Amino acid sequence: MKARVLVRLKPGILDVQGASVKRALAGLGFTEVRDIRIGKVIDLELDGLDAAAARQRIDEMCARLLANPVIEDFTVESLPGS
Amino acid sequence: MKARVLVRLKPGILDVQGASVKRALAGLGFTEVRDIRIGKVIDLELDGLDAAAARQRIDEMCARLLANPVIEDFTVESLPGS
Amino acid sequence: MKFGVVVFPGTWSDCDFHYVISEVLHQPVSYVWHRETNLADFDCLVLPGGFSYGDYLRAGAVAGRSPVVEALPDFVARGGVVLGSCNGFQILCEAKLLPGALMRNECLQYRCQSTYLRVENAETPFTRALRPGQVLRMPISHGEGKFYADWETLRALKDKHQIVFRYCTEDGRLAKEANPNGSLDHIAGLVNEDGTVLGMMPHPERAAENAMGGTDGLLIFHSLLGSLVEDGSFLKR
Amino acid sequence: MPGVEPKVTQELALTHGLTAEEYDRIIRRIGREPTFTELGLFSALWSEHCAYKHSRIFLRGLPSQAPHVLQGPGENAGIVDLGGDLALTFKIESHNHPSFIEPFQGAATGVGGILRDIFTMGARPIAILDSLRFGAPEDPKTRRLIDGVVSGISWYGNCFGVPNLGGEVNFGPEYAGNPLVNAMAVGLVRKDRILRARAEGPGNPVLYVGAKTGRDGIHGATMASATFDEGAEERRPTVQVGDPFTEKLLLEACLEAMQTGAIVGIQDMGAAGLACACSEMPARAGTGMEVELSRVPQRELGMTPYEIMLSESQERMLLVAARGREAEVRRVFAKWELDAVEIGTVTDDGVLRARMRGEVVAEVPVTALADEAPIYERPTVRPDWQDALEAFDPLTLPDAAAPGRALLALMGSPTIASKEWVYRQYDQQVGINTLVLPGSDAGVLRIKGTPMAVALTTDCNARFVYLDPRRGAAMAVAEAARNLAVSGARPLGLTDCLNFGSPERPEILWQFKEAVAGIAEACRALEIPVVGGNVSFYNETLGQAILPTPVIGMAGLIEDAECRCTQWFKEPGDRVALLGPDAVSLGGSEYLWTLHRTLAGRLAPLDLDLERTAQEACRAAIEAGLVRSAHDCSEGGLTVAVAEACVSGPATIGAEIGLPAAPRPDLALFGEGPSRIVVSVPADASRALEALMAEFAIPWRWIGVVGGERLDVRMGGELAVSVPVMQIAREWRNGFERHVS
Ligand SMILES: Nc1ncnc2c1ncn2[C@@H]1O[C@H](COP(=O)(O)OP(=O)(O)O)[C@@H](O)[C@H]1O
Ligand SMILES: [Mg+2]
Chain A
1 MKARVLVRLK PGILDVQGAS VKRALAGLGF TEVRDIRIGK VIDLELDGLD AAAARQRIDE
61 MCARLLANPV IEDFTVESLP GS
Chain B
1001 MKARVLVRLK PGILDVQGAS VKRALAGLGF TEVRDIRIGK VIDLELDGLD AAAARQRIDE
1061 MCARLLANPV IEDFTVESLP GS
Chain C
2001 MKFGVVVFPG TWSDCDFHYV ISEVLHQPVS YVWHRETNLA DFDCLVLPGG FSYGDYLRAG
2061 AVAGRSPVVE ALPDFVARGG VVLGSCNGFQ ILCEAKLLPG ALMRNECLQY RCQSTYLRVE
2121 NAETPFTRAL RPGQVLRMPI SHGEGKFYAD WETLRALKDK HQIVFRYCTE DGRLAKEANP
2181 NGSLDHIAGL VNEDGTVLGM MPHPERAAEN AMGGTDGLLI FHSLLGSLVE DGSFLKR
Chain D
3001 MPGVEPKVTQ ELALTHGLTA EEYDRIIRRI GREPTFTELG LFSALWSEHC AYKHSRIFLR
3061 GLPSQAPHVL QGPGENAGIV DLGGDLALTF KIESHNHPSF IEPFQGAATG VGGILRDIFT
3121 MGARPIAILD SLRFGAPEDP KTRRLIDGVV SGISWYGNCF GVPNLGGEVN FGPEYAGNPL
3181 VNAMAVGLVR KDRILRARAE GPGNPVLYVG AKTGRDGIHG ATMASATFDE GAEERRPTVQ
3241 VGDPFTEKLL LEACLEAMQT GAIVGIQDMG AAGLACACSE MPARAGTGME VELSRVPQRE
3301 LGMTPYEIML SESQERMLLV AARGREAEVR RVFAKWELDA VEIGTVTDDG VLRARMRGEV
3361 VAEVPVTALA DEAPIYERPT VRPDWQDALE AFDPLTLPDA AAPGRALLAL MGSPTIASKE
3421 WVYRQYDQQV GINTLVLPGS DAGVLRIKGT PMAVALTTDC NARFVYLDPR RGAAMAVAEA
3481 ARNLAVSGAR PLGLTDCLNF GSPERPEILW QFKEAVAGIA EACRALEIPV VGGNVSFYNE
3541 TLGQAILPTP VIGMAGLIED AECRCTQWFK EPGDRVALLG PDAVSLGGSE YLWTLHRTLA
3601 GRLAPLDLDL ERTAQEACRA AIEAGLVRSA HDCSEGGLTV AVAEACVSGP ATIGAEIGLP
3661 AAPRPDLALF GEGPSRIVVS VPADASRALE ALMAEFAIPW RWIGVVGGER LDVRMGGELA
3721 VSVPVMQIAR EWRNGFERHV S
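Residue numbers (my numbering), protein chains in the order written: chain A, 1 to 82; chain B, 1001 to 1082; chain C, 2001 to 2237; chain D, 3001 to 3741.
There could be a bad hint or two in this list.
[Stated by the list, open to error] Each computed DSS-like pair below joins lysine-lysine, with the alpha-carbon atoms no more than 30 Å apart: (1) Lys2002/C to Lys3448/D; (2) Lys2096/C to Lys1040/B; (3) Lys22/A to Lys1002/B; (4) Lys2/A to Lys40/A; (5) Lys1040/B to Lys40/A; (6) Lys1040/B to Lys2/A; (7) Lys3141/D to Lys1022/B; (8) Lys1010/B to Lys2160/C; (9) Lys22/A to Lys2160/C; (10) Lys2/A to Lys1010/B; (11) Lys1040/B to Lys3212/D; (12) Lys40/A to Lys10/A.
Note that these hints are calculated values from the structure, not bench results.
Please read all numbers here as calculations on a predicted model, not as lab measurements.
Based on the provided sequences and hints, a complete structural model is requested.
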């Protein structure tokens, strides 16, 4: 079972990484970028769980370790073929 | 136009951070995690380009700045509703 | 020999290099703003340490595409030499002026500590005053200094003697515990094929006075200056 | 816009942390109900954090004057004269609450904030120090906190490019629900370039510079003035995020702009952001200020005047420029790619008038906000727990059966063990001025272009302060001064960070009052002015207050940088002497804690005259070139001090120590007391040292000799401790990491 977790800063929280990359892209001529936010993608492979059970475990992992609930949100996507 | 870029370490390159998170998860009882790899998700919003043109520009951004081809691969996903 | 110390937004060892070159070595030196593309005045450019543009994406990534860095290939082709230390090394790799990449330290923490370096190639303009196998002491200060290159690149680096410094123990042995960041093959510094561009993670400018705990870093500058004074050959190569 | 703002009622004022009386007082002062934005202003400026409501009355007792003090408390940071055209500015500040909520960002923004305090004075930051307190190290929660806090400090300081010269890390169960993160910053400034946070000159433009404003940290100041309870979770979204890169640009841009001479006054926007800067700057200058909030650069859409005023977004400054010279300032900021926007003007009517697209949303006398917060003299009561603490006699416990093993346990205890795990994550050398890195009693920085160096330290043994707030706090001052003295420095001034529980509890306020009195006594006796500081109250969770922790940050001058000293033994054959008195106690000692998990007892006496003379004697010996090492005895007492001198240098080296027989060996070996210093002296300098000590007439004696591969301590001829130094070194080097990771 494979899944993908996306961890992103909550809306409103300053994304210093995104802001600096936006500026850098503009400097390279990519002025069409209106907004850019950078987060983490966490690719997980789990042993022998069905999709629903895995989903629940992953939510727990996010809540306990993978995301920082003070400043981050997360979304979980199960991957096709898993 | 919105798009999502995923930047990940190339397969075969040791992901130290992923390994350390895997260990930490195991310590918390999440022993079912067989593998974990951590990369970046870059959410982009572009001004006034059609999907194909945007796609091309994003590929360029990745090649020029967003990913380092020595160690990273990238994939671009356009988002629904964009 | 006229030195230029490049200043990017977020650079911090620019002042330290400037101080060492002017106050310790008494050589002419000036700062070079990151937008500058006319480098005709200089013989040696220093890319200093720091966090250019915050290093928020990857260390050196943004600076690696800046105007001054894009002017470097020409500068080198005309006979200039480039010394990149710490962030400077990261920038040179990002700009493809040196092969490979610098990744997060294996310990996943920043490290500021003293290290020992073994001289692997004493034939470059930067190491002429040194002996092969000589051990130098120099501090490091970085979070992303683990050198990585794929297998073919590493083999080429070895074949062409591009590896200049390796982390080692005080008595010159290569050992895991002497490698502060998990660098591939203990690599601490390397040059381009021509030997005119040096990238190294350690800070020679922090090892340039006895009061700072040692002067091994000066040897790199003495190599540069000595080779110029003697015959200037590497500049005409 | 004001139309959609909530109606202000007493109830609403209460949820803003104001009391009913305070709310009435506001109405009386301005003659009407405040608008919502005005309520926000008052709640921030009248918060404990900004107004020092409960502490001010006590702080008046601190001596802050001396001929070399160029700026005492009241500005962003204090300034002392270094001689010539140079001055040193420094300040310590707490970021306890934010760091508990989000350790990484909380600690990082703590460093960012204190750095801004330094460069607003016109100074270039040259060092930071960090003083940390955590709960039990074995608790996984503590480990996560330490990791987050240390990496936050590391990230911000390293990226900004300022070396870390030292600090402290201590542990106690009392800090489990309320860790302490205090950061001190030090800067160097030319005397003729000092700037102050004053909005002088009606008609002068007011410029906003730096990062854009978002909804970060709204009500941080009020939060720092509340205890944690179950509601703490809900206050979470107020955490700010740091951007050290922008701060670095802000530093360079500010210093460059200041050089043009076009800047009249400047203040950073930290706690309570624009609200604070727009009222304190004119209040100090006797002027007023008018600002148009829609001009404030904003990161988010639809921000209200209230939010703009109270935002605690980082990396921003408010500055007043000389009319007609705005363009020069703007040019500099443009070069560094930073916003510099004129948002208002200095006025002469003493009023802060804030408009949103022309419409007035707040109109309040600046003095009402900045100077007229109520000052409370709340009741203080000596806590009933003091008697029991003092009554406990550690000597009723059995003596240490195996002092050697006790020594190893102490050397590996998280409080004493090497803090290299922490400071190797900090850049310690950027700027190439660091003559003594973290790892000795004080960090030492040279001042380029002069023969001088400055020594820096932070100290506080909170156990002592808990057992006897007055003497314990005086001892913290004495220890900081001693750490400078053993490094060869003469104290120039101190900055304090007074971390306590809730001042609304008479017992806590008693601790506070006593501690401040103790600091004042010590400062007077040692002639050290207090040039700035910070009070952090409400450090409690669910009624459990932290140990009273008045952290002392101190800076000292070494006139000739060559005359500096480090704590470790250097040469076999050197003789070892103990300067200072014999009087020690196991009360509050690390020994009592590590071996018996007990915190109680009485402290050793503190004789401030003797303290002063012992420090002078030590400094004189260093200046005369008689000593090769000098180390202050603190936690763990004499034996630990000697053991540290054996293992903390580049090479480990043993020692043979001989002490008189003692009825309680553990007391003599591990008892703690002030004014004690271990020095090592080349054999051929022993006569000269003897003569010098006779001149100062302090108690002292030879206690042994450096050398060998063991640390042997004999008492009355009997071998009490005999341990291979390598084993001591191992315990000491690995102790911290073993506990925290
Ligand atoms: N948080 C920290 N950051 C930087 N340096 C630290 C920190 N904690 C301790 N140190 C350094 O470790 C050494 C030992 O600290 P400590 O035992 O508190 O010393 P002392 O008892 O002399 O005050 C000192 O040099 C101190 O500055
Ligand atoms: Mg000490």
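These are the hints, each one checked on the structure:
{"no.": "1", "hint": "Lys2002/C to Lys3448/D", "in the structure": "23 Å, holds"}
{"no.": "2", "hint": "Lys2096/C to Lys1040/B", "in the structure": "22 Å, holds"}
{"no.": "3", "hint": "Lys22/A to Lys1002/B", "in the structure": "15 Å, holds"}
{"no.": "4", "hint": "Lys2/A to Lys40/A", "in the structure": "16 Å, holds"}
{"no.": "5", "hint": "Lys1040/B to Lys40/A", "in the structure": "4 Å, holds"}
{"no.": "6", "hint": "Lys1040/B to Lys2/A", "in the structure": "17 Å, holds"}
{"no.": "7", "hint": "Lys3141/D to Lys1022/B", "in the structure": "19 Å, holds"}
{"no.": "8", "hint": "Lys1010/B to Lys2160/C", "in the structure": "26 Å, holds"}
{"no.": "9", "hint": "Lys22/A to Lys2160/C", "in the structure": "39 Å, violated"}
{"no.": "10", "hint": "Lys2/A to Lys1010/B", "in the structure": "18 Å, holds"}
{"no.": "11", "hint": "Lys1040/B to Lys3212/D", "in the structure": "25 Å, holds"}
{"no.": "12", "hint": "Lys40/A to Lys10/A", "in the structure": "13 Å, holds"}
Of the hints listed earlier, the one the structure fails to meet is number 9.
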